[in-house]
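Those protein sequences? They're chains A and B, same order as listed.
For the first sequence, the numbering used here gives the first residue as -9, with consecutive numbering after it.
For the second sequence, the numbering used here gives the first residue as 20, with consecutive numbering after it.
Think of the hints as simulated: they come from the structure by calculation, not from any bench.
Check each hint, because a few of them may be wrong.
Claimed, not checked - Incomplete in silico selection of chain B near chain A, CB under 10 Å: (1) His26; (2) Ser30; (3) Glu35; (4) Cys48; (5) Ile52; (6) Leu62; (7) Leu66; (8) Val77; (9) Ser78; (10) Glu79; (11) Leu91; (12) Trp114.
As the list claims (entries may be wrong) - Sample of chain B residues lacking proximity to chain A, with all beta carbon distances greater than 12 Å (derived): (13) Thr42; (14) Lys44; (15) Asp71; (16) Ala76; (17) His81; (18) Lys86; (19) Ser106; (20) Lys108.
Ideal Cβ placement from N, Cα and C applies to all residues, glycine included.
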Amino acid sequence: MKVVQEGKKEYWRWQEYQKILSSKNWEKSDIITAGVDVGSVGSKAVVMINGEVYSWSVTRTGSNSPDSAKKAIGWAMEGTGLELDDFKYIVGTGYGRVNVPMANKAVTEIACHAKGANHIWGPTVRTILDVGGQDIKAIRCDQTGRVTSFLMNDKCAAGTGRGMEVFADLLQIPIEDIGEVSLRVDEEPEPVSCTCVAFAKTEAMGLLRKGWSKEKVLAAYTRAMAIRMCALLKRVGIEKDFVITGGQSKNIGVVTRIEKILGIKRLPMPNWRGGGLDPMIAGALGAAIIAKALHERSK
Amino acid sequence: MKQIITHYGYSDASGEYYVVIDTAKCDGCAECIRQCPKAALELVTLLVDLEDKVVAAVSEDHRKKIKYTCSLCKPEKNQTPCMTACSQKAIRCVWNPI
Chain A
-9 MKVVQEGKKE
1 YWRWQEYQKI
11 LSSKNWEKSD
21 IITAGVDVGS
31 VGSKAVVMIN
41 GEVYSWSVTR
51 TGSNSPDSAK
61 KAIGWAMEGT
71 GLELDDFKYI
81 VGTGYGRVNV
91 PMANKAVTEI
101 ACHAKGANHI
111 WGPTVRTILD
121 VGGQDIKAIR
131 CDQTGRVTSF
141 LMNDKCAAGT
151 GRGMEVFADL
161 LQIPIEDIGE
171 VSLRVDEEPE
181 PVSCTCVAFA
191 KTEAMGLLRK
201 GWSKEKVLAA
211 YTRAMAIRMC
221 ALLKRVGIEK
231 DFVITGGQSK
241 NIGVVTRIEK
251 ILGIKRLPMP
261 NWRGGGLDPM
271 IAGALGAAII
281 AKALHERSK
Chain B
20 MKQIITHYGY
30 SDASGEYYVV
40 IDTAKCDGCA
50 ECIRQCPKAA
60 LELVTLLVDL
70 EDKVVAAVSE
80 DHRKKIKYTC
90 SLCKPEKNQT
100 PCMTACSQKA
110 IRCVWNPI
């Protein structure tokens, strides 16, 4: 028997990376804190020195939270000379927050995301939409990054990053390109009716068989996602300035449709490949900020 | 203390349903947790202005399936067991079917 070896490409696989922002040398006397955000799909760690971001990592969450946390913070420290003992305070957050072994304290993501967004974009941020791997959060906050209203959606992976990974694989389009490809339609198709990833996949296959292009199928799914997110936002109310965090902040197809439905633009995405901060680290960043505050209070 | 309102629920083609908890009013007495017929609520520790505050929340196990978990009480509108149990009027179930 001869088996045909097909080249298996992992279209869903997104880039893990580490970044060191400043070349400044840290000293033992500095207040070094960290935030570790173990999400359902991605694990992020941010290292802060005296309240300024020094380095961070964005990694994929494995099957076990403690290992994912270790990997994230290990990668954020790589090449910096830092060791775990140098940290004055570490805060764990996210879905796996209680399983961050090196953390001094676990804090719910309710408090962390807004603090992070406030640091990335400044005190004018009032509404945050966080689209993570398996859930969506809509948050309202004041000028200090203090939360006034918080919403977490019920549905499983529907309309989240994980759903996009499934579609990337199904349509064989690299995950980084999916947003742009979804915009290559002359007019917006009807959104897919189903919001469960498993059913949406079946529906999408049906549409492909009917002769829909990949672009059109993606547009329909992305539009369904955007409509759902806007419904969640309406529940907490939308006030400017509006920002999007989490992995889907990089999906231009989702972002463009949300802006169109809401009639307001989000604050521009920082140039995270350059010197800016990645909106994916908002939770971990907020945790690192809270870690510094908790350390100072304990003195 | 300023308020943090937490919402757990969904908005979809069938309408919206949310369990809404005013964490400033909630005193963590856990009476709603005892009265919930589906054990869908739990106490969580919230960090508010760097202080820990223990409040009620939809449990992590139920957050993704509120649509099914709460279906029993939904038609009772303002008389759900969790709402009538709360002496602080901190918890509400909001159901707006389309």
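Here is how each hint holds up against the structure:
1. With a least beta-carbon distance of about 4 Å to chain A, the hint placing His26/B at the interface is held under the 10 Å criterion.
2. Evaluation of the Ser30/B hint against chain A yields a held restraint, the C-beta minimum of about 4 Å falling below 10 Å.
3. Below 10 Å, beta-carbon pairs count as interface contacts, and Glu35/B has one with chain A at about 7 Å; its hint therefore holds.
4. Checking Cys48/B against chain A by beta carbon gives a least distance of about 20 Å; that is not within 10 Å, so the hint is violated.
5. Checking Ile52/B against chain A by beta carbon gives a least distance of about 17 Å; that is not within 10 Å, so the hint is violated.
6. With a least beta-carbon distance of about 12 Å to chain A, the hint placing Leu62/B at the interface is violated under the 10 Å criterion.
7. Of the supplied interface hints, the one on Leu66/B holds, with its beta-carbon coming within about 5 Å of a beta-carbon of chain A, less than 10 Å.
8. For Val77/B, the shortest C-beta to C-beta distance to chain A is roughly 8 Å, which falls under 10 Å, so the interface hint holds.
9. A least Cβ separation of about 12 Å between Ser78/B and chain A goes past the 10 Å threshold, and the interface hint is therefore violated.
10. Interface restraint check for Glu79/B: the shortest CB-CB distance to chain A comes to about 8 Å, inside 10 Å, so the restraint holds.
11. For Leu91/B, the interface hint is violated, since its Cβ never comes within 10 Å of a Cβ in chain A; the closest pair sits about 16 Å apart.
12. Hint status for Trp114/B: violated, given a least beta-carbon distance of 13 Å to chain A, over 10 Å.
13. Once the 12 Å rule is applied to beta carbons, Thr42/B is inconsistent with being away from chain A; the minimum gap is 9 Å.
14. Distance check for Lys44/B against chain A: the nearest CB is about 14 Å away, which clears 12 Å, and the non-interface claim stands.
15. Distance check for Asp71/B against chain A: the nearest CB is about 9 Å away, which does not clear 12 Å, and the non-interface claim fails.
16. With a least CB separation of 9 Å from chain A, Ala76/B falls inside the 12 Å interface cut-off, contrary to its annotation.
17. Listed as outside the interface, His81/B is inconsistent with that label: its C-beta sits roughly 9 Å from the nearest C-beta of chain A, within the 12 Å cut-off.
18. With a closest Cβ-Cβ approach of about 6 Å to chain A, Lys86/B is found to fall inside the 12 Å limit, against its non-interface label.
19. No Cβ of chain A approaches the Cβ of Ser106/B within 12 Å, the least distance being about 23 Å, so the stated non-interface status holds.
20. A cut-off of 12 Å between C-beta atoms confirms that Lys108/B is not in contact with chain A; the least separation is 18 Å.
The structure is inconsistent with the numbered hints 4, 5, 6, 9, 11, 12, 13, 15, 16, 17 and 18, although it conforms to all the rest.
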